[in-house]
Every structure is written in C-alpha cells, then in structure tokens.
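*Asks:* Those protein sequences? They're chains A and B, same order as listed.
The first sequence: position 211 = 211 (the numbering used here), numbered continuously.
The second sequence: position 212 = 212 (the numbering used here), numbered continuously.
Calculated directly from the structure, the hints in this document are not laboratory data.
In this text, all values refer to a predicted model and were calculated from it rather than measured experimentally.
Even glycine gets a Cβ: it sits at the ideal position worked out from N, Cα and C.
Check each hint, because a few of them may be wrong.
What the hints assert, rightly or not - Pairwise CB distance ranges (calculated):
# : chain 1 : residue 1 : chain 2 : residue 2 : range
1 : B       : Y16       : A       : A132      : 45 to 55 Å
2 : B       : L255      : A       : F30       : 55 to 65 Å
3 : B       : L62       : A       : G260      : 38 to 48 Å
4 : B       : E18       : A       : N115      : 31 to 41 Å
5 : B       : K111      : A       : V28       : 37 to 47 Å
6 : B       : E18       : A       : I125      : 32 to 42 Å
7 : A       : G260      : B       : S139      : 34 to 44 Å
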Amino acid sequence: MAAQTVPLKRTAHPNPKTGFWPRPNERVVFGLLGFVLVLGTWELVSSSEYGLGLVKRVLLSSPTLILDAAITDISSGAIWPHIIESGKEYVFGFGAALVTGIPLGLAIGWFRRLNYVLDPWLSAIYATPTVALIPLIILIFGIDLGAKIVVVWLEAIFVITVSTTTGVKAADAKYHDIAESFRASNWTVFRTVTLPASVPYILTGVRLGTGRALVGVVVSEFLAANAGIGFYIALNGSFFSSARVFFGIILLGALGITLGELVRVVEKRFDRWRPAIS
Amino acid sequence: MTDTQIALDARAVQFYYEDPTTHERLLAIEKMDLEINVGEFVSIVGPSGCGKSTFLKIVNGLLPTYDGEISVLEPDHGRAHAMVFQDSALFPWYSIVSNVAYGLTCQGVPKKEAHARAMPFIEMVGLTGFETKYPYQLSGGMQQRANLARALTVDPEILLMDEPFAALDAQTRELMQAELLRIWHQAQKTVLFITHQIDEAIYLSDRVIVMSARPGRILADIRVDLPRPRELKIKRSPAFVALTDQIWSLITPQLHDDAPATGVAS
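Generate the whole structure from the sequences, applying the supplied hints.
*Replies:* The structure is reproduced here in structure tokens:
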C-alpha cells in the first residue's frame with residue numbers, strides 16, 4: 001500500500017470578543033452558581049416561611065434567619081463588645097507570636113547548636129495540641145485577657161518559628177559561596193542571603209499562623225470568657241439560638257479570610273523579585 | 001606594571017575530597033604547578049571531574065584545606081581576585097544594580113555610593129537601562145554580563161571565571177566570548193578561565209592549560225600566539241584549527257581512559 005498524506009486535525013480560532021458585555025469568566029460564573037445552589041438548598045430545606053421546613057429551625061437555622069439575627073445584633077450594638085474583645089486577644093496574641101516567633105526561628109536556623117538544644121522541645125510542643133495546655137494556662141494566668149493572649153500566642157508561634165527555621169536552612173549553598181567569595185561578614189551574609197531567602201517561608205508561616213491564632217481565640221473563649229465571638233457562639237448555642245451561632249461562625253470566617261488576604265498583600269510586596277506564578 | 005610580574009603562583013598544589021559518609025579520601029588534584037603573569041588570559045580545559053573548578057575554588061579561598069603553596073599578588077588597588085560564577089549566580093532578590101554593587105556592599109560601602117560606583121561597570125558590560133530589573137527579567141547572556149560586572153566592581157587583580165558561558169546557547173556564547181575579550185582589554189585584568197570548550201579556551205587565551213582526567217594533573221601548557229584583537233572568524237583560521245586538533249588529541253585519550261570509571265565519575 002502506498003503511503004498517503006492525511007490532513008492534521010484543525011479547529012477554528014475562538015471568536016474574538018464582540019459587544020459590550022465582558023466575556024463571562026467561568027471561575028466567577030461557576031463560583032456564584034455554587035453559592036446560590038448551596039444557600040438556596042439550605043433555605044428550601046430548613047425555612048418554614050420560604051421553604052419546605054423539613055428540618056427543625058433550631059438545628060440548621062436558615063439563611064434568612066441568620067440574616068435577621070445579624071441585622072438585629074449589629075443594629076442593637078450587641079455584637080461589638082464581642083468583636084472588640086476577640087480583636088484584642090488576637091492582636092496582642094498574634095503580635096506577640098510574630099515578634100517572638102520570627103526571631104526565634106531565625107536564631108534556630110542560624111545557630112546550629114541552638115537548634116540541637118531546642119529542636120526536640122519544639123518538635124514535641126509542635127506535635128502536642130496546644131488546647132490541651134489551656135487548663136494549665138488558666139491556672140497560671142487566670143481567666144482574664146492575659147490568659148487568652150497566651151493561648152493565641154502559643155497556638156500561632158510554633159508554625160511561624162518552624163517555617164522560619166526551614167527558610168533559613170533552605171537558602172541555597174551557592175549563595176553562601178558567593179557571599180563568602182566577596183568576603184562578606186557574618187552579619188552581611190545574614191542580611192543579604194539568609195533573610196531574603198527565608199522571607200517566603202516566613203510569610204507562609206505567618207499565613208498559617210493567622211488561622212491558628214483564630215482557633216486560639218475561639219477555643220479559649222469557649223472555655224473561660226464573658227465576652228468575645230467564641231463566647232457569643234457558645235452562649236447562643238446553649239440558648240438554642242442557632243441563627244446567632246451561625247452569625248458568629250460567619251464573622252470568624254470573614255475575619256479569617258480578611259487576615260489571610262492581608263498576608264497575601266504583604267507576600268506580593270516581597271515577591272517582586274520572583275516571576276509571577278499563577 | 002611590567003609583564004614579568006607574577007599574579008598567581010601555584011606550587012605542587014594537591015587537593016583531596018573527603019566523602020562525607022565513608023570518609024574516604026579522593027585525590028582530585030595532583031601536584032599542580034601553575035604560574036600566571038599579570039595581564040595574562042589563561043584557560044584551563046579538561047574532561048569533566050578533572051578538578052579544574054576545584055582549583056579555581058582553591059584560588060578563590062573557598063577550599064582552604066589544600067596542600068602545596070599558592071601565592072597571589074596583593075595589588076595596590078582593589079582586591080587580589082574576584083570570582084565570576086556559573087550561570088544564575090545572581091541573587092534573585094536583588095535588582096541588577098544591587099547585585100553588581102554586592103562586592104562593595106560586603107566591604108561596607110554605603111548603598112548609595114556602592115550603586116554609584118557600580119554604574120560604570122554596568123555600562124562597561126552593556127547593561128545600561130537594566131539597573132532596576134531583577135535577574136529573572138534578564139536573558140542568560142545578560143545575567144552573565146551582570147555577573148561579570150559584579151566581579152569587576154571590586155577591582156580585582158585576577159578575574160576567576162568558572163565556566164561562565166556554559167549554560168548559554170551557542171550564538172550568545174560566541175557573542176559573550178567576543179564581549180569578554182573587549183572588556184578584558186578595557187579593564188586590563190589577569191584572567192583565569194575554566195571551560196570544557198576547547199575552541200572557547202583557544203579563542204580567549206594567551207595560554208591554554210590542558211588537564212588530565214581525575215586525579216587532575218597538567219598535561220600541557222600551550223601558548224596561543226594568535227594575533228590580538230581577535231575576531232570571531234579567527235576560529236576558522238588554519239592556526240586555530242591546528243591548535244584545536246592538538247588539544248583534542250591530548251584530551252581524547254583521557255576520555256577513553258576514564259570510560260570504565262564513568263559510572264562513578266561526576
């Protein structure tokens with residue numbers, strides 16, 4: 001049989017954009033679709049007013065009931081003291097974790113012998129659920145703001161420290177050779193190689209730390225508090241007010257997302273020197 | 001500056017690598033003697049793993065556990081030597097001007113002054129206009145220009161160059177060879193250049209040192225008497241081709257001898 005040529009499969013170019021409306025972004029369209037689907041189903045299943053009322057409202061509440069509760073507590077001002085209390089715990093606790101965790105991580109990564117001394121302890125504490133320490137912390141620090149700051153600090157510091165240490169060790173040996181060949185002092189090596197190379201790791205630790213600190217806030221308020229979003233959730237749970245419980249959860253979620261995005265903005269600022277990875 | 005002044009004098013240099021797990025000592029360089037005059041351009045060629053880069057690292061002070069004696073000229077300007085590293089050796093987190101000024105920063109020169117002093121060298125290597133770019137925004141050839149400028153800013157007597165063009169494509173490499181000769185001529189430096197490309201070594205150098213397979217010994221010290229300034233087309237001249245053949249005939253048996261051991265050779 002003689003060889004023959006066959007045409008290679010070919011498709012037309014997609015149509016160029018025409019008209020006023022921007023081309024729909026699939027990510028946005030399907031994201032919104034999912035949102036509407038979940039909330040719609042929830043409302044349909046649980047609401048006796050707008051839906052079928054299949055589930056008791058005390059168990060699942062419903063999107064409209066949650067919105068009602070949110071409007072009530074925001075306009076009456078009842079929610080603000082809780083937000084402020086949790087905010088204080090978060091700012092002081094997480095701030096302390098940043099101020100102590102990053103230098104500690106840098107020191108452990110830089111001084112080999114310090115690493116040998118501290119590594120077993122850090123690994124042990126890192127592996128221990130910090131919530132198990134809360135009774136002890138309450139015993140030592142009482143049930144005031146101080147105790148909660150300690151819990152938040154403990155929750156956040158280790159992930160920051162461990163990540164920072166990893167970053168210091170991850171700096172390519174090649175860059176140390178270069179610094180050494182230009183007779184850089186130890187301080188210059190630290191400033192020009194170690195620190196810039198570990199910044200991405202530090203920021204990853206910080207981003208993970210924001211989430212852990214939030215867990216610290218909620219858990220410590222569950223156990224001993226008279227204010228705070230965690231307390232608000234626990235209190236309304238015991239009153240069977242599930243709409244308010246959900247409102248508290250949404251507040252926490254919004255807080256978590258905001259903080260995560262904030263870190264992302266900082267990361268972007270430090271990422272100028274790296275090709276964008278999308 | 002007279003031609004008889006010696007910039008680098010290595011006597012009976014030996015170097016062992018120690019395997020970090022088995023603690024076996026492996027002879028990398030065996031009894032190496034090398035003398036380089038001020039202003040000379042000397043290349044070392046040899047098969048992979050022959051210890052040529054190791055020798056450069058020793059001269060650069062990164063491997064102080066060598067045997068033998070090495071003396072370098074302490075000039076009344078700048079530094080004794082500076083290294084141009086292999087590809088992608090710029091700090092990715094610094095702009096080009098900060099990278100080029102790095103050697104000055106290490107000497108404690110304030111940032112502003114260091115940047116100002118880096119500018120003539122950025123211009124010399126042809127990177128004007130790219131000062132504020134980051135390394136990833138530059139092509140491989142441009143990155144190596146910055147790498148060269150970084151070494152030049154500390155005003156070294158000897159430029160140590162470790163296969164600086166190895167990662168470049170063939171055309172960029174040729175261009176950079178010509179550029180290096182231009183800059184060498186302008187900056188008036190002594191150069192010790194490591195490469196595995198024979199034509200690159202001949203084109204650039206006054207002398208080509210041919211090394212044996214591991215343990216590295218000097219097989220030949222070949223003078224290149226091609227006229228300067230050299231154009232790229234000199235690579236096709238009979239004298240150039242004859243030199244290439246001569247060096248190839250020295251290296252080829254080394255490659256064959258090494259064959260049974262290639263499983264462990266680097």
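*Asks:* Each hint should be assessed against the structure and marked as holding or not.
*Replies:* Here is how each hint holds up against the structure:
no. : hint                             : verdict
1   : Y16(B) with A132(A): 45 to 55 Å  : 53 Å, holds
2   : L255(B) with F30(A): 55 to 65 Å  : 59 Å, holds
3   : L62(B) with G260(A): 38 to 48 Å  : 43 Å, holds
4   : E18(B) with N115(A): 31 to 41 Å  : 24 Å, violated
5   : K111(B) with V28(A): 37 to 47 Å  : 45 Å, holds
6   : E18(B) with I125(A): 32 to 42 Å  : 37 Å, holds
7   : G260(A) with S139(B): 34 to 44 Å : 36 Å, holds
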